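K.L.:
Chains as they are written, first to last, in my numbering: chain A, 2 to 291; chain B, 795 to 1334; chain C, 464 to 778.
If you're looking for bench data, these hints aren't it; they were derived computationally from the structure. Here the structure is a predicted model, which is why all the values come from computation and not from measurement. C-beta: ideal position from N, C-alpha, C; glycine also. There may be inaccurate statements among the hints.
As the list claims (entries may be wrong) - Quick list of in silico lysine-lysine cross-link-like pairs, DSBU-like style, CA-CA up to 35 angstroms:
#1 K1235(B) / K814(B)
#2 K688(C) / K802(B)
#3 K589(C) / K895(B)
Claimed, not checked - The following residues of chain C were derived to be distant from chain A, with all beta-carbon distances above 10 angstroms:
#4 A522
#5 D539
#6 G541
#7 R547
#8 P549
#9 V559
#10 T573
#11 P606
#12 G636
#13 I705
#14 V756
Chain residues, written in single-letter form:
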Amino acid sequence: MSTEPTSPPVEGAAHFVRAAFSNVSFVTGFATTVLIAAMALVSFMWTPYDITLISIADKQLTPSVQHLFGTDHFGRDILSMIMVGARNSIAVAFVAVGIGIGVGVPLGCWAAARGGWIDEVLMRFNDLVFAFPALLSAIMITAIFGPGAVNAIIAIGIFNVPVFARVARAGAMALWPREYILAARASGKSATLITIEHILPNIASILLVQATIQFALGILAEAGLSYLGLGAQPPMTSWGRMLFDAQTRMMGAPHLAIFPGLAIVVTVLGLNLLGDGLRDVLDPRLRRAR
Amino acid sequence: MSLLEIEKLDLSIGKFEILKGVDLTIEQGEVLGLVGESGSGKSMTALTLMRLLPDLAHASGRVTFDGVDILGAPEAAMNRLRGNEIGMVFQEPMTALNPVKTIGEQVAEGIRWHAGVNRKDADDRARAMLDRVGLPESKFPLSRYPHELSGGQRQRVVIAIACALEPKLLVADEPTTALDVVLQAQILDLLRDLVDERKMGLLLISHDLAVVADMAERVTIMRHGEVMDSGETGRILTEKAHPYTRQLAEASTHVPERTPLADGRSERPLLEVRDVTRDYAGRRRSLFSKPEPFRAVSGVSFALHEGQSMALVGRSGCGKSTLARMILALDRPTSGSIRLFGDELTTKSENDLRPARRNMQVVFQDPYGSFNPRHKVERLVAEPLHLLETQPSRSERRERVAQALAEVGLSAGDMDKYPHEFSGGQRQRLSIARALITRPKLIVADEPVSALDVSIRAQILDLFADLNSRLGVAYLFITHDLMVARAITDQVMVMHEGEIVERGNTASVLDNPQSEAGKMLVAASPDLERALERRRFARV
Amino acid sequence: MTLFLLKRIAIGLVTLLVASMIVFSVMEILPGDPARLMLGMNATPEALDALREQMGLNAPVVERYISWAGGMLTGDFGRSFTYRAPVIDLIAERAVVSVPLALIALTLSTAIAIPVGIFAAARRGKLGDTVSMGTAQIGVAIPNFWFALLLIYVFAVWLRLVPAGGFPGWSGGVWPGLKALILPSIALALPQAAILARVTRSAMLEVLGEDYIRTARAKGMPRRKVLWRHALRNAMIPVLTILGLQFAFLLAGTIIIENVFYIPGLGRLVFQAITQRDLIVVEGVIMLLVASVILVNILVDVAYALVDPRLRARS
Chain A
2 MSTEPTSPPV EGAAHFVRAA FSNVSFVTGF ATTVLIAAMA LVSFMWTPYD ITLISIADKQ
62 LTPSVQHLFG TDHFGRDILS MIMVGARNSI AVAFVAVGIG IGVGVPLGCW AAARGGWIDE
122 VLMRFNDLVF AFPALLSAIM ITAIFGPGAV NAIIAIGIFN VPVFARVARA GAMALWPREY
182 ILAARASGKS ATLITIEHIL PNIASILLVQ ATIQFALGIL AEAGLSYLGL GAQPPMTSWG
242 RMLFDAQTRM MGAPHLAIFP GLAIVVTVLG LNLLGDGLRD VLDPRLRRAR
Chain B
795 MSLLEIEKLD LSIGKFEILK GVDLTIEQGE VLGLVGESGS GKSMTALTLM RLLPDLAHAS
855 GRVTFDGVDI LGAPEAAMNR LRGNEIGMVF QEPMTALNPV KTIGEQVAEG IRWHAGVNRK
915 DADDRARAML DRVGLPESKF PLSRYPHELS GGQRQRVVIA IACALEPKLL VADEPTTALD
975 VVLQAQILDL LRDLVDERKM GLLLISHDLA VVADMAERVT IMRHGEVMDS GETGRILTEK
1035 AHPYTRQLAE ASTHVPERTP LADGRSERPL LEVRDVTRDY AGRRRSLFSK PEPFRAVSGV
1095 SFALHEGQSM ALVGRSGCGK STLARMILAL DRPTSGSIRL FGDELTTKSE NDLRPARRNM
1155 QVVFQDPYGS FNPRHKVERL VAEPLHLLET QPSRSERRER VAQALAEVGL SAGDMDKYPH
1215 EFSGGQRQRL SIARALITRP KLIVADEPVS ALDVSIRAQI LDLFADLNSR LGVAYLFITH
1275 DLMVARAITD QVMVMHEGEI VERGNTASVL DNPQSEAGKM LVAASPDLER ALERRRFARV
Chain C
464 MTLFLLKRIA IGLVTLLVAS MIVFSVMEIL PGDPARLMLG MNATPEALDA LREQMGLNAP
524 VVERYISWAG GMLTGDFGRS FTYRAPVIDL IAERAVVSVP LALIALTLST AIAIPVGIFA
584 AARRGKLGDT VSMGTAQIGV AIPNFWFALL LIYVFAVWLR LVPAGGFPGW SGGVWPGLKA
644 LILPSIALAL PQAAILARVT RSAMLEVLGE DYIRTARAKG MPRRKVLWRH ALRNAMIPVL
704 TILGLQFAFL LAGTIIIENV FYIPGLGRLV FQAITQRDLI VVEGVIMLLV ASVILVNILV
764 DVAYALVDPR LRARS
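So here's chain A without its partners, still in its complex pose (with noise of 0.2 angstroms):
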């Protein structure tokens, strides 16, 4: 019948380039991401200005040729603030993710493996991580053990534990009644195994689109607490921190918050277009439903 599926969910890696660069929204936010990444990468050999040089003679200055953005409040150069801080807040948004997947998707793995009481504790145990409101959370925890990026992450992380352990728990409670896992357990296979040989490259895709999610939630809320005086700490800057610096100051130089807010703005819609388009690319069901 015409209902059966015309397309299988795998046909090699050269479909899915091809497939993934024809797509409106993985091409500009993937292209986006590589943009920032590239941006933040150079900022380590390279950035227009030293912001490590002070100049009150240039303090506040508009946007001109010589600084694109403008300068701040210590005359530094306002683009090359934002190369530099975009180093931080990519840092803490990606091993935030990291710690959420590397808790998050072995429990939740384990727990659709095993089922039973060990998957009950464990989904209410999400359940009331999910009952404290994150940034609440967060404010408590790195107010508490003092404010700075690590201590930033740790608190993002923890809040990425349980959605990708629930992410992971559905992706895998959904493949273990299929056959080809009922065939592998009638060759053998341990409740491991299977989840490494089966479950996890089948639920790699749903992961991925929920990491970028993920990390671009993690820019946001490194924003958030930097913006609150909790996260990056001078020297270091981070665009929440420009945002924090720039706050008292918006009257008379509006440009000093315009600019960090939207390289965050940018880099958040790139990693959700990016998100977007692999889940259009990688997941067929979707891909009927838009």
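Place chains B and C on chain A using the hints.
P.N.:
Relative to the frame of chain A, chains B and C by itself:
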């Protein structure tokens, strides 16, 4: 003028050509059977005449219903036609009803919309219609929700919706494919009666020649979007003038050649099942009562000898798949014993089960869900080699996979392909190759051919028969299809509500069933020869 | 249904109990002696001791937990040392600002998002869909506090339409108070609305692909009627889930937004209490927020059951 006339209908979706020059007519009050295998375009033909095609579809040609040009009619005119003049019944009753609306609302909705009557009158008419399709008020008030009904009952609601306004034409797209044979017979009877009493035309779409032969006066056979053969049912299917018609008819009644089993090949049974029972935790009725367990399998005992082929037949939900899973040690019985070569399986740890697992493998129904889509054939077919004490080397492994592939009629070159590169029938061959690779003595096959088209099904049955004769592997065939049981097994067990109610030699049980459940199954099973026989008598 | 509800409430209570233990132990392991914090560096050991005794700090941990948790049950959240007032009074005083803010934001976000999502789904692939979903995509990416800064700059500094921050209280009438909450609630609502609109659209599209939609169309119902009568209610199930999650998000969002606008609400209270280590206030507010998240989740479950008869039957 005919009620429905389709002339030179072409249909494409995107760049795919779905229908090529389809011609078809239905007279007032006539039943036309539209038969074809997967991808023949029979469902798309139905959706075209309802004009419910996907967005990218483009149809050309002429479709005239009762003087209305369907392809050219404005959407508003189509809305007046659908449900009012043409009713449609779909394949999947479980998803065809809106889960958040009562059955009363869903039947009355169309009545209110087309007849413009008030809520009370619409409800009365919906009530009468539900009574007519066999859902009486006492058990099925209008306030029931779809989830409170079984699949067969839901299909009755769908039929009530389709027939509520006494349409001139009813389109039924595989209306019984998702139901078991007993329900299938009931739903077909209902359709036949409704069509007779209301003089409706019926376009009955089916993959099953026997069903169509039983129901339709005329039949149109399609393949790859084209009409192959068309005409009066008895003549077409008896004369089989068209080669494709002959191929289909022969495949539907195909019985593979098997060397009959020499009796008493071995004294000791290969598999011994004794008093096996499986309970599942039931749902709690109220806060204080204990949940009542649901007994899926109840006190089942039987023995299977080496090289024997046994069928386990029964309606859906009778517990046959649960029993299969327990035999395969994928599920544990609540009580009872299962022995393979005298070795108790039910108490063994996963590790101690390895030798037993080498001796029994499994083939499932769904040729699409049976393989991890991300692995290549070599890895998929080699998976049970994990059970060997010493893992074979890479080249040994490839050799064994090649041998298994050869055994099922595939080539060694297929080893480096992905499962999606194969057709449904080929995948079922892969499934069998995987089951064979450890040289098991027993293969448990759970509905292994019910998802396949008839011509493919015949080939796979041949393969099963061949392997049984050649390798002496024993089968436990779980199926709802008595044709399959007849074709491939020596012994049959009839299962009903968790119990084995009848057993014996396949031919004698199926020719002359003794138990109620057995009689019901046999009577309900569609049979092409019998249907044609009846048709001949009816004409005389 | 009743059983289902009772079970949800029981789970909620257990969650709340465990949450209280976690909050209590986190505060317990914190460095710093509350008594010293309150009295300052120059306090005499005798005074410190007396205060500890008075605050019950010398009692064993379990005893202190029980009296703290038991106190909360009777509405006694303890006394703040920075404000020198009962915590419950502080909370009550701040809640009259935060609760309206969160509710206005939630209403605004829902009122914008759901119609936009339905509209986009109905016109899938057309210009209206592309424009509204493009806007939503950008909306999702905007940090609410930055959006708040922009709003202040445009509407308060530049156009001078509304105050840039602060809150006059409700004593001067409803309007001045509401006026001060306009920008904060927009800043909170719009990024949430963007998320909700996307969810609504994709839920609608998912449902529109279901078999029963085809059944309804085969009855002769026009596309638009099918959308409202059959698709919408089914699509509300995932939308409700997101609404529940967004409530928690909004609560947290108020912390930042109240700081941007200098609004004396619960968010600002807890933020200041954290920086001043006024732990008893932090504990109280967190427990209150956690309890409200749990309550909202139960309400969402009840709403599920109202929408979906399959869940209603699960008892």
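K.L.:
Does each hint fit the structure? Answer for all of them.
P.N.:
Status of each hint after checking the structure:
no. : hint               : result
1   : K1235(B) / K814(B) : 48 angstroms, violated
2   : K688(C) / K802(B)  : 33 angstroms, holds
3   : K589(C) / K895(B)  : 30 angstroms, holds
4   : A522               : 23 angstroms, holds
5   : D539               : 22 angstroms, holds
6   : G541               : 17 angstroms, holds
7   : R547               : 22 angstroms, holds
8   : P549               : 22 angstroms, holds
9   : V559               : 20 angstroms, holds
10  : T573               : 19 angstroms, holds
11  : P606               : 5 angstroms, violated
12  : G636               : 28 angstroms, holds
13  : I705               : 13 angstroms, holds
14  : V756               : 5 angstroms, violated
The structure fails to meet hints 1, 11, 14 from the earlier list, while all remaining hints are met.
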